[in-house]
Amino acid sequence: MATVTLREIVARFGGELLGNGETTVDRIASIENAAPGSITFLSNPKYKRALAQTAASAVILHPNSAADALIPAIVTAQPYLYFAHVAQWLHPAPSPAPGIHLSATVESSLHQSVSVGPGTRIGLNAKIGDSVVIGAGCSIDSDVEIGAGSILHSGVMIYANTRIGSKAIIHSGAVIGADGFGFARESDGGWIKIPQRGRVLIGDDVEIGANTCIDRGAIEDTVICNGVKLDNLIQIAHNVHIGEHTAIAACVGIAGSTTIGKRCTVAGASSIIGHLQIADDVNILVASLISRSIPKAGTYSGSVPFLEHEEWLRNFSHLRHLDRMADKIRDLEKRLAELESAK
Amino acid sequence: MATVTLREIVARFGGELLGNGETTVDRIASIENAAPGSITFLSNPKYKRALAQTAASAVILHPNSAADALIPAIVTAQPYLYFAHVAQWLHPAPSPAPGIHLSATVESSLHQSVSVGPGTRIGLNAKIGDSVVIGAGCSIDSDVEIGAGSILHSGVMIYANTRIGSKAIIHSGAVIGADGFGFARESDGGWIKIPQRGRVLIGDDVEIGANTCIDRGAIEDTVICNGVKLDNLIQIAHNVHIGEHTAIAACVGIAGSTTIGKRCTVAGASSIIGHLQIADDVNILVASLISRSIPKAGTYSGSVPFLEHEEWLRNFSHLRHLDRMADKIRDLEKRLAELESAK
Amino acid sequence: MATVTLREIVARFGGELLGNGETTVDRIASIENAAPGSITFLSNPKYKRALAQTAASAVILHPNSAADALIPAIVTAQPYLYFAHVAQWLHPAPSPAPGIHLSATVESSLHQSVSVGPGTRIGLNAKIGDSVVIGAGCSIDSDVEIGAGSILHSGVMIYANTRIGSKAIIHSGAVIGADGFGFARESDGGWIKIPQRGRVLIGDDVEIGANTCIDRGAIEDTVICNGVKLDNLIQIAHNVHIGEHTAIAACVGIAGSTTIGKRCTVAGASSIIGHLQIADDVNILVASLISRSIPKAGTYSGSVPFLEHEEWLRNFSHLRHLDRMADKIRDLEKRLAELESAK
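Chains as they are written, first to last, in the numbering used here: chain A, -6 to 336; chain B, -6 to 336; chain C, -6 to 336.
So that you can see chain A by itself, here it is in the shape it has in the complex (with noise of 0.2 Å):
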């Protein structure tokens, strides 16, 4: 852990320094569970009350709430920000020593850098960048590329041909090229597999979550942009195309040949049928199944409220019969209509 002044935060990373510049820290914290020696944040003003009482040494915070200081503090128009910023700095990704377990099996030539740990495998023809790091138990197969300071934990699996950039954070357990879910239907309805020939493309600075499972493409490639953020336990299916920056929480479905677009947002347990086009800048909400295509920006939900499950039965058995309801709505309409025509 490093040990910092604000007044080194400040010159770093910019902002204005309320308080005392030499004040040190050397760890983040929450605002209601510091302890000296740490910086917070504010961002939510209605923590305002827990600024009062925090034992952190310093905290980050909004020009509005700047008054409300008793510690040496940092302001800035997005504090939040600001905060992972230092707290990347405060606590950098842990590095393994560079070098190749004994017990790893790897048959490409790696640069002296790269770290792979004990009982993983890499196939023929690997191109690893500078100082990556390959946990244990990991394989991946041949003609795989992984760009400069990646990070793949333990347990992480990559089908052969699959690109990866740099800078990349793969989690345990996330399965990158397997075979997409293709079939052709013969007439007694058993299925012929559709060899599946593309590749997973993935950009840099991309971080893909625990258990997350990324399908290659059929015949091209699946694809995601640089800055994607993937949560845990997403399903990405075959010849998806994700763009940059787009962030999708954990529980998500993705059929195949969905176009998603840049700087979107997808709520956790999801789904996107496939062949979409979801236009830039889209926020989807929890839990909801998105149908048809979204050409244009903005916040789209489709979630079911939850009651009380006496209410429940009372409420959800009306929506098999909402075509009825809408009936009765049209005759009572029209029978009102001739009685007031005849009035």
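The reader is advised that the hints may include incorrect statements.
Claimed, not checked - Facing chain A, from chain B, some residues (calculated, C-beta under 7 Å): (1) Gly130; (2) Ser132; (3) Asn154; (4) Ala177; (5) Trp184; (6) Pro188; (7) Leu194; (8) Leu282; (9) Ser286; (10) Pro288; (11) Lys289; (12) Ala290; (13) Pro298; (14) Leu325.
Just so you know, the hints here were simulated from the structure itself, not pulled from any lab data. Positions of the beta carbon are idealized from the N, C-alpha and C atoms, including for glycine.
Following the hints, put chains B and C in place on chain A, whose structure we already have.
Relative to the frame of chain A, chains B and C by itself:
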């Protein structure tokens, strides 16, 4: 497999013996497919007919059904619970021989009762309790604690600083302690990672299903209390807190910083959004989206019925127009009231 | 890659040849992005325009489109199915050299045609068929059977006593045979584990996607019949039975003891609750919750439309009050009938 008499079972677990106490059994069976030598149970009276025909050597049943037993029986108020105890006795989990497989990479010192499978890696400063079993191809990062008697099946991935209690069972592919999904957004839409510095703390007697993910906390810890049971393919986000004896079925996602009480049940395919408080003894039914805190015990639902596709087309299209439907009803009410008063 | 003439293709798979039968092709391509030397297909007439411009050397198409072919063509009633066969011929799955990698731990005797990758563990009493390929970092517990020609990609976890047929393909991270989620509840809310003693039985020609889980049965077995295709991140609970040639897309969960018929399709993100019977030839559309048995073939839906968030707020709030809406309609009908009869 043990062979025991009914008398021995009753001596150990209580209950009332009906018939020959020297009857021996050596395995459990379902009431329909039992063979001689097996013990079965009857907890649902609708299987009474099967009882008359079962080939089991003995049955565990409720006092209300005792009169129907044509074979030796144990009578107890909770037949299924009793059956669980008997089943555990007859079918103890197999315990592989202690010792570290030659192909494992272990950087900590382990008690001689610990079993470590082929290809498993255990990092520095691990504290592994007596008789822990760790399967093949697991990865345990540094500074991990695992309590006595816990079982990790093959291919479990544990990140650094995780703490697991005693007698836990963790199934293959589970990933414990991967980074939470935390980013601050830059003005151009890009994302800056918030280092995830918290841990995962898991209590005693917890079971975690295959390919389930539990993320480490952002600053504070993610906490899974004693006796929690998690099925497969579950996502537990950073800083979630799950109370004692809560059971969660497969394909559930729980978003960040949500607290779930004790003795809750969450049925499969449900989602719970972040920063909620769920009370003790809450039951959430299948495929529900929990979008608000639940302050009191009870049963809650939010799932949608299915229909034949033609019917679905007719009915569900109205979901897009419920507001117009409500407007029409309001308009009808007003016009009807006018007619009534004009009468 | 093979290079073949159209004449050879037609000799093998039938169909009618249009144009130069000596045309050679060595790979498949999409109609838009084909290069010379490739063979493509036209199954959807909306791509007819692309056919006029394709650079492919040959195309597979339906008699109805034959007149539009400006390049050598094979005419067949089912172009996509035909394409699948040709694709498999041109792109056979790569077969790694037979033999057991030095770093593997194999406790059973294997036929010399079997290939076992680095770091893989195979336990006692395995029966592995000829030409089976097992990738890196797999774990096969004791008493497992795998039929001839099956392929396990890296990182597949198979629990004890599992039986897998011939020509299966299992993708990375799949977990077969983990314990089903079975517990009896104690009066204090705690859970007693029911030992899961059943097996998983998987037929021939089954494909199982990445990170998919199939749990072992509680007492009897979980059964996946011949020709079943499972996509990624699917949960199959204990004692589920899936009939021949049924195909299930990603992110589906099927709860315990449900039986699904033959030739069914289940679209992505759907859930099926436990103890149901689903008939043969049932198609379940995307993101549906199947909460009752389906006794007859047909197409079923239960998914909810999405809306712009503002519209969603206006419309979906009524879901909580559908019963009141129905009451109001009933009241209106009654009052209107009174007015009508008083006229």
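Inset, instruction - May I ask you to test the interface hint for Leu194 of chain B with respect to chain A, counting a Cβ-Cβ separation under 7 Å as satisfied? - result: 15 Å, violated
Inset, instruction - With chain A as the partner, please determine if Gly130 of chain B meets the hint condition of a C-beta pair closer than 7 Å. - result: 5 Å, holds
Legend entry - Interface hint compliance - Pro298 of chain B to chain A, C-beta minimum distance less than 7 Å: Result: holds, 6 Å to nearest chain A Cβ.
Inset, instruction - Could you check if Pro188 of chain B really has its C-beta closer than 7 Å to a C-beta on chain A? - result: The hint holds - Pro188 of chain B has a Cβ within 7 Å of chain A, the shortest such distance being about 4 Å.
Legend entry - Satisfaction of the Leu282 of chain B interface hint, Cβ to chain A closer than 7 Å: Where the cut-off is 7 Å and the nearest Cβ of chain A is about 5 Å from Leu282 of chain B, the hint holds.
Legend entry - Satisfaction of the Ala290 of chain B interface hint, Cβ to chain A closer than 7 Å: 11 Å, violated
Inset, instruction - Would you settle whether the hint for Trp184 of chain B is holds or violated, based on the nearest Cβ-Cβ distance to chain A being less than 7 Å? - result: Since chain A brings a Cβ to about 5 Å from Trp184 of chain B, closer than 7 Å, the hint holds.
Inset, instruction - Answer holds if the nearest beta-carbon of chain A is closer than 7 Å to that of Lys289 of chain B; otherwise answer violated. - result: Violated: closest Cβ of chain A sits about 9 Å from Lys289 of chain B, beyond 7 Å.
Legend entry - Hint check: 7 Å Cβ-Cβ cutoff, Ser286 of chain B to chain A: Check failed: Cβ of Ser286 of chain B comes no nearer than 12 Å to chain A, outside 7 Å.
Legend entry - Supplied contact hint for Ser132 of chain B, tested at 7 Å Cβ to chain A: 4 Å, holds
Legend entry - Agreement of hint Leu325 of chain B with chain A interface, Cβ distance less than 7 Å: For Leu325 of chain B, the interface hint holds, since the closest Cβ of chain A sits about 5 Å away, which is under 7 Å.
Legend entry - Hint check: 7 Å Cβ-Cβ cutoff, Pro288 of chain B to chain A: 12 Å, violated
Checked against the numbered hints given earlier, the structure breaks hints 3, 7, 9, 10, 11, 12 and satisfies all the rest.
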